[in-house]
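A.B. asks: The primary structure of each chain is shown beneath.
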Amino acid sequence: MPINYYIYLSLALFVIGIIGVLTRRNSIIIFMCIELMLNAVNLLLVAFSKTHHLAAGPTNPTAGTEAQLFVFFIMVVAAAEVSVGLAIIVMLYRNTRSVDVAFLNRLKH
Amino acid sequence: MAITAILFYILSALALISAIAVVASKNPVYSVLSLIVTFFCISGHYVLLNAQFLAIVNIIVYAGAIMVLFLFVIMLMNLDKDTEPQKNKWMKLIGAVAGGSLLVVLVAALRQTESNMAQVGSGDIGLIQNLGKVLFTEYVVPFEIASILFLSAMVGAVVIGKREGRSKVPQADLQKVRRAQESMDVPAVEA
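Residue numbers (my numbering), protein chains in the order written: chain A, 116 to 224; chain B, 73 to 263.
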């Protein structure tokens, strides 16, 4: 499978995430779109790792291992990020009785 | 057409459709369910690339843990209806056009590049034997630091989510709770 197909797929998923962040007002949906963007990047990293593995050939049989470990660490960081982010959203909901990001404009004043 | 190509196109189409459903659906619960479908499709892509460890971790961590957390929060807040005000259609249009322009620019920049092949369905770098060996020899320090990161995230989530002082609770809510308790013949709590 050519690597370009994976690049196009990841780009499409990433741009869908960007559009969601730009257009939606619900902070939970915005957060889910950020997760979607993270996953698009993970998919691209794995595809590049397999491309690198194929290009290195039999001289380096473990080429591309690091990229998959980086994806693993990205997942670790994403899990920690989600727990803190959802706590912030719950706090926002408790203070304003809404999850609309338009209420988070106090830094503007 | 090879079986891997057919699977690639099916998984890609399913992932894109469900990703669009995440953004477009009015009900947040449907968004969460669509995102779970997207994550399963991405896990299918990992299996297709023979990265089986990441496929399993993706299902367990993302589809299993993170999305359940999202579902819990949405149901806790009783948001399973459209609470978003429908205003400013122009901002939505501008956001969609901006994202689409980014996609067009990036695809146009990449269209002329020569394409290497990604290894599909073979190669054993994604198996848990190889990854575990490297993770616990070369990357053991980042692995241990990740546990500290989790500890700090846990403490942070508890500190942020902790209910501060009773005075912050609106008086109307307290009265509602008291009325509910009285109607259930439960002894009322002292304020």
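The set of hints was computed from the structure by calculation and includes no laboratory data.
On a predicted model such as this, the values are computed, not experimentally measured, just so you know.
Any given hint could turn out to be false.
Said to hold, decoys possible - Covered stretches of chain A, going by a simulated chain B footprint (3 or more residues, C-beta under 8 Å):
id: 1; segment: 125 to 134
id: 2; segment: 147 to 160
id: 3; segment: 181 to 191
As the list claims (entries may be wrong) - Not everything, but these chain B residues come out facing chain A in the computed CB check (under 7 Å):
id: 4; residue: ALA91
id: 5; residue: ALA93
id: 6; residue: LEU126
id: 7; residue: GLY167
id: 8; residue: ASN188
id: 9; residue: VAL192
id: 10; residue: ILE200
id: 11; residue: PHE208
id: 12; residue: LEU223
id: 13; residue: ALA225
id: 14; residue: VAL227
Don't be surprised by glycine CBs; every beta carbon is placed ideally from N, CA and C.
A.B. asks: Are the hints correct? Go through all of them and say.
C.D. replies: Going through the hints against the structure:
no.: 1; hint: 125 to 134; in the structure: holds (count 8)
no.: 2; hint: 147 to 160; in the structure: holds (count 7)
no.: 3; hint: 181 to 191; in the structure: holds (count 8)
no.: 4; hint: ALA91; in the structure: holds (5 Å)
no.: 5; hint: ALA93; in the structure: violated (10 Å)
no.: 6; hint: LEU126; in the structure: holds (6 Å)
no.: 7; hint: GLY167; in the structure: holds (3 Å)
no.: 8; hint: ASN188; in the structure: holds (5 Å)
no.: 9; hint: VAL192; in the structure: holds (5 Å)
no.: 10; hint: ILE200; in the structure: violated (10 Å)
no.: 11; hint: PHE208; in the structure: violated (11 Å)
no.: 12; hint: LEU223; in the structure: violated (9 Å)
no.: 13; hint: ALA225; in the structure: holds (4 Å)
no.: 14; hint: VAL227; in the structure: violated (10 Å)
In this structure, the earlier hints numbered 5, 10, 11, 12 and 14 are contradicted, and the remaining ones agree with it.
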